[in-house]
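Full structure from sequences and hints, please.
Listed in order, the protein sequences are those of chains A, B and C.
Each residue of the first sequence is one higher than the one before, counting from 1 in the working numbering.
Each residue of the second sequence is one higher than the one before, counting from 265 in the working numbering.
Each residue of the third sequence is one higher than the one before, counting from 582 in the working numbering.
It should be emphasised that the hints constitute simulated quantities derived from the structure, not laboratory data.
All C-beta atoms, glycine included, are put in the ideal place defined by N, C-alpha and C.
Be aware that one or more of the hints could be misleading.
As the list claims (entries may be wrong) - Pair by pair, the computed Cβ-Cβ distance ranges are:
#: 1; chain 1: A; residue 1: W11; chain 2: B; residue 2: F446; range: 45 to 55 Å
#: 2; chain 1: A; residue 1: F14; chain 2: B; residue 2: L496; range: 15 to 25 Å
#: 3; chain 1: B; residue 1: T437; chain 2: A; residue 2: S41; range: 23 to 33 Å
#: 4; chain 1: A; residue 1: F14; chain 2: B; residue 2: T437; range: 21 to 31 Å
#: 5; chain 1: A; residue 1: G241; chain 2: C; residue 2: A747; range: 53 to 63 Å
Stated by the list, open to error - Coverage of chain B stretches by chain C, computed from C-beta distances (three or more under 8 Å per stretch; other residues unrestricted):
#: 6; region: 361-372
#: 7; region: 490-500
What the hints assert, rightly or not - The following residues of chain B were derived to be distant from chain A, with all beta-carbon distances above 10 Å:
#: 8; residue: G339
#: 9; residue: L349
#: 10; residue: L434
#: 11; residue: L436
#: 12; residue: V532
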Amino acid sequence: MGTMKLKGRGWGIFWLVVGALYLLVPLYGMAQFSLETGPHSYGFHWYQTIFDSSQFRSSFLLSLRLALETVAISLVLLVPTVFWVHLRLPRLRPLFEFLVILPFVVPPVALAVGLVGLFRPVTWLVSTPELLAFVYVILALPFSYRSLDAGMRAIDLRTLSQAAESLGARWTTTLRLVVLPNVRSSLLGASFLTLAIVMGEFTIASLLLFNTFPVYIEYIGETKAYPAAALALISFVLTWGAMLGMFIVGRGRGRTHTEVAMTR
Amino acid sequence: MSTTELVEEEAGGLPVGTGGGGGAGSARRGAAAPPRRRRKWLAWLGAVPFLAYVALFLLIPTVEVIVNAFRGTSGSFSLANVRQLTSGQYASAYVASIKVSVATALTGGLLGFFVAWSTLQRGIPRAIRPIVTTFSGVAANFAGIPLAFAFVATLGTTGVVTVLLAHMGLNLTAAGFTLYGFSGLVVVYTYFQFPLMLLIIIPSLEGMRTEWREATASLGGGAWSFWRYVGLPILLPSIASAMVLLFGSAFSAYATPYALTSGYINLVPVLIGSVMSGNIVANPGLGDALALGMILVVSVAVAIYVVLQRRVSRWAR
Amino acid sequence: MSKLELVEISKRFGAVEALRGLSLEVASGEFLSLLGPSGCGKTTALRIIAGFEHPDVGKLLVDGRDLTAIPANRRSMGMVFQSYSLFPNMTARENVEFGLRIRRRARAERTARALELLDLVGLAGTANRYPHQLSGGQQQRVALARALAIEPEVLLLDEPLSALDAKVRVQLREEIRRIQTSLGITTIYVTHDQEEALSISDRVAVLSLGCIEQIGAPSDIYREPRTRFVAEFVGTMNRLDGKVNPDGSIECGGLCVAHGVALGDHAPGEQVIVLVRPESIVLEELPEPQAASGDLFEGRIVAHTFLGAVTRVTVSVAFGAVTADLPSSRALGLSPGTRVSVRIDPSGVRLLSIGTSGPGSDGSGPTGGGSGGSGPTGEAESPGEEGSATAGGLPTRSAASL
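Given below as structure tokens:
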């Protein structure tokens, strides 16, 4: 047993080191590349050019705008729906749980094919980037819906709303004054992940021909590896920020809530 | 509409409380049938916006894909597009996609399992665990375009590690490795696959009780017996179902291979992209057929996942 | 020769000394319980015997063979854990067969043996059920059968009943004892429940802070506790501070409380701790106030708790309070406020010198019968507290003796 324990520890350290190297070395390579301005000369030159570029600014702002719109649409659509399903339509829950898994089954590429086929005749919609925000709500659905669902399950919604009802509150008042404050951390968690998804989504934006931030990174990367590394690092920092935000709001709930958005 | 009516009629005969708290309350107040029915209708109405949204942006586009896959150039029903999938470049794209997905499900799955296992070993400080899971959350979400360029900077032709290894006398290209082919894809995909595996599998590993190991020892079994008869049989359904998820995650990936190869690798998602942007034959039905194939493959994976999850819960407490 | 012997075992986990020079001998076929509060080292001792922990110092002998360095899987100790130790992926029968499977016995042989053992523990009909389909009590029966299947040198049970309902607990402990007797297997049983330990064992070892306080037959442990810790941990005990009078009677707070107590080596004039079981205190209802005479003194009922066959009564007396157990039939008329005469049965009195209270009893230690449902312990504690208050600053704490 004593030797077994030591063996376990030795292998444990080995695999932890392998895992850490796997995760860290590419980050190091990316960072070094982004700072390399010539043979053996380093500086923030590439970052300078990026921040000066109007294309960067417009694509970044577009992605940011879409991210906020996606979060807003998600919340407006999902908060009342999840509340309503919990309270009045519990029999529909299996159906809803099935629906929100579907975005896993339909890969983003396939969804893009369908969207183009469906909306091509609607020219005004296909040419406005807000279409992306509507679609991203679907991509984020497995996480945003389940996060809200778990949040509302945790607070015994029925008792709370019956208590509010007995005090004379309408359901809208209940939702606003009783439910929302109690599910705030799951709302925030879902919003952070949605943010990360939209800021990194390439597939649908590229196939629907919109110049979002990831599309811009790819465009730069096709020809210039060094600025692309700098852009990748900026993107990485964004992911970190979103995850850290999720971690911080999730901490209050006593568990670290880690979700993975499957937008490759 | 008539079916909803029927459901409503049935629900009306049931004891209070089936429809939800509010409905039960109104019934108890002894409201007459018409107002009650109206409230019931309103309850169903509450689900409409969400259902309509999902229908418009997910279900109908998916149906569109299925219908268009079976539509010929003339617009009538045809198997021509689907038939194309079984041969040539298209068939080999599926084979390549499945190969890459299986390979990275295995590499990512095994590496993720071992790292997850390591964080739970005695003698490894507990403080490591939240660091590992948080970082895995970031890494698993850090994918797509930026990940591809991070690897270009690391293992590309002038990448940091490539240059370092060249100094040490190891030529990666000569050794058969290229970031822009199958081996490169496996290495890059593994970057997001193994943290994903780790996050999925850690709860199952935490569920392994020390009593099982000690009971095995007291009955005469060593580490091998424990893993052979107890540990692996208990974990295998979880490991397998996690790997199925990894398979799906790799199979759907578009951005990473596209950025690595500038769209010149023959994987199904990349191929669909090319068809859509008209780089290949401008036949829209072909893209739909390819997409339908993808949906089918992922559906099979999800079905396997569901079956395996049932097995997991058989032993769940 | 003893079956199993622990020689001067010490074990430390970081800053915590779990065992301090523990020595123990267990005879072949004996049922020995290790009894003590949590943290006393009883589980560590058991895990050292099983081979899951290794002692820093000391030896473990089985049949005279030194097993200290032998790994757990080559010791052949049958172990039953607290709970959840069954392999969830195997049926009850497969669990029982497991040890034989590792020993590469033929399939037919091990199946027959498993069914035989499941029958022995009363689970013949559930051989093909998975652990999650069994109740907690059934799971522990299977665990027992699994441990017995390998015909172990020693059977080790680590609080096997602590996760079960009270009723199942009593039923299963009797069955464990029946099976142990019929197989004649040497057994070490760890528990914090003194009632369990007393009812099931040939001998009980009471542990505190990594040492054995007292080891002996259950009745000896109960009737003749040798340290304050044992007196208070096993059963409920009134602890009074008293003095031996020149005529051999015992005095508490100026009142003579008992004549004819076996004094042992306690000399007249010595300050002593007087230990009295609640059942050795006799109460009679008093119509009139009366002066203390002989060994009879007066008290007033403060509280009473119905415990079924007996009623536990707290009586306030001149020097504090005492707890008495009366047959419930006789306690009917006694409500709080009733005046009673109190008599202490001298054959139920034990005396301890103030200095010999032993390592475990530093005053803050647990009193009463652990958490095993042996009844209220708070009442037993209060007379002691009151008693030490009247002792007038005498050193009743024994930390110095550590």
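Taking the hints in turn, this is what the structure says about them:
Judged by the Cβ atoms, the range 45 to 55 Å given for A:W11 and B:F446 is violated: they are separated by roughly 29 Å. Look at A:F14 against B:L496: about 20 Å separates their beta carbons, and that is inside 15 to 25 Å. A hinted range of 23 to 33 Å for the beta carbons of B:T437 and A:S41 is consistent with their spacing of about 26 Å. A:F14 and B:T437 have their C-beta atoms about 29 Å apart, which keeps the hinted 21 to 31 Å range intact.
Checked against the hint of 53 to 63 Å, the pair A:G241 and C:A747 passes, with Cβ atoms roughly 55 Å apart. Taking a C-beta to C-beta cut-off of 8 Å, the region 361-372 of chain B contributes 0 residues in contact with chain C, too few for the three needed, and the coverage statement is violated. Counting residues of the region 490-500 of chain B whose CB lies closer than 8 Å to any CB of chain C gives 4, which reaches the minimum of 3, so the coverage claim holds. Once the 10 Å rule is applied to beta carbons, B:G339 is consistent with being away from chain A; the minimum gap is 13 Å.
Residue placement check: B:L349 keeps its beta carbon more than 10 Å from all beta carbons of chain A (closest about 14 Å). Non-interface status of B:L434 relative to chain A is upheld: no Cβ of that chain comes within 10 Å, the nearest being about 15 Å off. For B:L436, the requirement that its beta carbon stay farther than 10 Å from each beta carbon of chain A is met, with the minimum near 13 Å. For B:V532, the shortest C-beta to C-beta distance to chain A comes to about 8 Å, within the 10 Å cut-off, and the non-interface label is violated.
Violated hints, in rising order: 1, 6, 12; the structure is consistent with all others.
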